[in-house]
Amino acid sequence: MAANTNNTPVAGCNNADVLRERGQHEVFCGLTGIVWLHRKMQDAFFLVVGSRTCAHLIQSAAGVMIFAEPRFATAILDERDLAGLADCNDELDRVVDEVLERRPNISTMFLVGSCPSEVIKLDLGNAADRLSERYAGRVRILNYSGSGIETTFTQGEDNCLKAMVPVLPATPAKQLLICGTLPDVVEDQFRRLFTAMGIEDVAFMPSRRADTPPGVGPSTLILLAQPFLGATARALIGRGAKLLDAPYPFGAEGTTAWLWAAAVEFGVSAERFEAVVEGPRARARKALTPMREALAGLTVTFLPDSQLEVPLARFLHAECGMHALEVGTPYLDRQILAGELDALPAGVRLSEGQHVDRQLDRVYADRPDLTVCGLGLANPLDARGLRTKWSIELVFSPVHGYEQAGDLAELFVRPLARSDRLAV
Amino acid sequence: MKLSLWTYEGPPHVGAMRIATAMRDVHFVLHAPQGDTYADLLFTMIERRDRRPPVTYTTFQARDLGADTANLVTRTLAEAAERYKPQVLLAGESCTAELIQDQPGALAEGMDLGCAVIPLELPAYSKKENWGAAETFYKMIRGLLAAQAPEPGTPMREMPTDRRPKANVLGPCALAFRSRDDIIEIERLLTLIGVDVHLIAPEGASPHDLLTIPEADFNICLYPEVAKTACS
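Chains A and B, in that order, give the protein sequences.
Quick note on numbering: my numbering labels position 144 of the first sequence as 144, and the sequence is numbered without any gaps.
Quick note on numbering: my numbering labels position 144 of the second sequence as 568, and the sequence is numbered without any gaps.
No lab work stands behind these hints, which were simulated from the structure alone.
Ideal Cβ placement from N, Cα and C applies to all residues, glycine included.
Watch out, some of these pointers could steer you wrong.
Said to hold, decoys possible - Facing chain A, a subset of chain B residues (Cβ under 7 Å, in silico):
#1 M469
#2 I608
#3 I610
Said to hold, decoys possible - Taking lysine-lysine and the DSBU-like style, the derived pairs with C-alpha atoms no more than 35 Å apart in a straight line are:
#4 A:K40 with A:K242
#5 A:K121 with B:K551
#6 A:K162 with A:K242
#7 B:K652 with B:K426
#8 B:K426 with B:K551
#9 A:K121 with B:K552
#10 B:K426 with A:K121
#11 B:K590 with B:K552
#12 A:K40 with B:K509
#13 A:K174 with A:K121
#14 B:K652 with B:K552
#15 B:K426 with B:K590
#16 B:K426 with A:K162
#17 A:K40 with A:K286
#18 B:K426 with B:K509
#19 B:K509 with B:K551
#20 A:K121 with A:K286
#21 A:K40 with B:K426
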């Protein structure tokens, strides 16, 4: 039955030793999340308070071309701010005024802390309160840190959503709250499935508009759609919500188990659940069949990047027949990855943190058929005859749920097919 | 504080990376927090280079700040020198490291790393990428050639009459705009007018190659934004 889809071996990866490394981390900082957060929340503005490096990062990492006014910017600290010649708070107020004057449609502004603003201990929480008062009734100003000294890549989203938790309206209603930025189309698919099961009260966080956030309360059930929202989940729990224990909705079986975790809580019968998921699950399995043929038996290594590594390794193992050699992740949050770790086979080398030189030594020794890695490493690995998948695609492409299961697997097939074609 | 909606120029340490990446047998240790490695992708993706930039980052975190970040710097320097065995090791810092004042350049100079060390000062809150590139190229040339510099007031060397004159083409570097095509064209034009190219730098040059700069008869400052500081 649906609940038992991930044939959990008792001695899974959860009990294995974890290789913990310190050294050069080849990962983005939390500011990078702004790239997808600003697209999702269409009335939000992200003002990074940082350096020229922060500004340069966001545009290079994102590779965004700007044809209209973007909804993110950087307030670049300069010598005068650091030398105390200018009052940073006055300067910040001036910059915020400048932005908001130009952008009357903004309802929520995030002041995003960076490495330099953290190091000089610029109190952005205080600034957000002060500015919220000034713009009361028009713009809500919130604050979170995306600094590299505190956050890695997707932790930026975690911090952003966590910053919204205190301002969510209270609701006593029994509702399902799905957390994690999803493309609108995927959100709609999930909503339709839950509606068909009879679960009408489904909210998403972040919502498409920051000025209409979901509510939260003691009858709220949290279902995480992304495996990097531990702090947000804990903040929601602090407001009385309950976190559902589920794997992440990757692949036909992962999606089924994820949906079932919610269905059970809302008293959906196994028959009704089955009737709803039968069709899309069959489509997903069908889409996965040719992918499985291409991937089964091949080896894969994940280098740490987005925190998606563990669930995706589980998906590739369980649904595509791949063998994971090393699964590297920036940090291991066992609370929100428990089910996933159990489903990884024993013997997978699990690593946390990074010493990139040593990790690449292991990749060269292992020579996996596919290495999932960041953009800084992909071409150099390809040049050594290794085949790579850019991990950032897994963050930017719709990969959740039944309808995307085939596309998700195809992302891993593509580099293999490409190199086969080049080899002819 | 300045509002920046869009910026084409990066911080000065990215300029330093462009010099290090353009050259051979140079390694750059950058004291920087997690996340600054984004700059690697400029070279591997945008420029599609087939190797990682020769840069090692210290990746300090918040929890290191109360402890000993200087120790992290020396450990990283020693490891990088041992692993990459460069002719020249550059030591510098990005914007946040500048604030905590560990002075990686001075630390590197105080260590026995088995190679030449060139400390860089890259003021992130007042300068930009091109300045960082020009400064790094200048520091590199000055560091390597200071001993060979003629006394001030020494007259210019006469142009040779027994052979074709030789020129250095200075300025082409990593992440430059069309510089690979420009080099081909400039070499062709110089050949047409009877001039040989002695050295192109920093692109493709090693520190040993830079030592031969004085063997050429004159310098062509092809990209002033990178080479003007060094040429003057």
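Against the structure, the hints:
1. Residue-level restraint check for M469 of chain B holds (minimum Cβ-Cβ distance to chain A is 5 Å; threshold 7 Å).
2. At a threshold of 7 Å, the smallest CB-CB gap from I608 of chain B to chain A is about 23 Å, leaving the interface hint violated.
3. For I610 of chain B, the interface hint is violated, the least distance from its beta-carbon to any beta-carbon of chain A being 27 Å, above 7 Å.
4. Annotation: proposed proximity of K40 of chain A to K242 of chain A holds, straight-line Cα distance about 25 Å (limit 35 Å).
5. With a C-alpha separation of about 23 Å, the suggested pair K121 of chain A and K551 of chain B falls inside the 35 Å cut-off, and the hint holds.
6. For the proposed pair K162 of chain A and K242 of chain A, the alpha carbon gap of about 15 Å is at most 35 Å, so the pair holds.
7. Annotation: proposed proximity of K652 of chain B to K426 of chain B holds, straight-line Cα distance about 28 Å (limit 35 Å).
8. With a CA separation close to 14 Å, the supplied pair K426 of chain B and K551 of chain B stays within the 35 Å bound.
9. Annotation: proposed proximity of K121 of chain A to K552 of chain B holds, straight-line Cα distance about 24 Å (limit 35 Å).
10. Taking the CA atoms of K426 of chain B and K121 of chain A, the gap is about 19 Å. The hint holds against a cut of 35 Å.
11. A threshold of 35 Å between alpha carbons decides the hint, and for K590 of chain B with K552 of chain B the separation of about 33 Å falls inside it, so the pair holds.
12. Taking the CA atoms of K40 of chain A and K509 of chain B, the gap is near 47 Å; set against the 35 Å cutoff, the hint is violated.
13. This hinted pair does not check out: K174 of chain A and K121 of chain A have alpha carbons roughly 41 Å apart, beyond 35 Å.
14. With a CA separation close to 15 Å, the supplied pair K652 of chain B and K552 of chain B stays within the 35 Å bound.
15. Simply put, K426 of chain B and K590 of chain B have alpha-carbon atoms about 46 Å apart, too far for the 35 Å limit, and the pair is violated.
16. Restraint check: the Cα-Cα separation between K426 of chain B and K162 of chain A comes to about 28 Å, which is no more than 35 Å; the hinted pair holds.
17. For the proposed pair K40 of chain A and K286 of chain A, the alpha carbon gap of about 30 Å is at most 35 Å, so the pair holds.
18. Straight-line distance between C-alpha atoms of K426 of chain B and K509 of chain B comes to about 41 Å, which puts the hinted pair past the 35 Å bound.
19. Only pairs whose Cα atoms come within 35 Å are accepted, and K509 of chain B paired with K551 of chain B is accepted, the gap being roughly 30 Å.
20. Note on K121 of chain A and K286 of chain A: the hinted pairing is violated, with a Cα-Cα distance of about 54 Å set against a maximum of 35 Å.
21. Distance hint between K40 of chain A and K426 of chain B is fulfilled; the C-alpha atoms sit about 26 Å from each other, no more than 35 Å.
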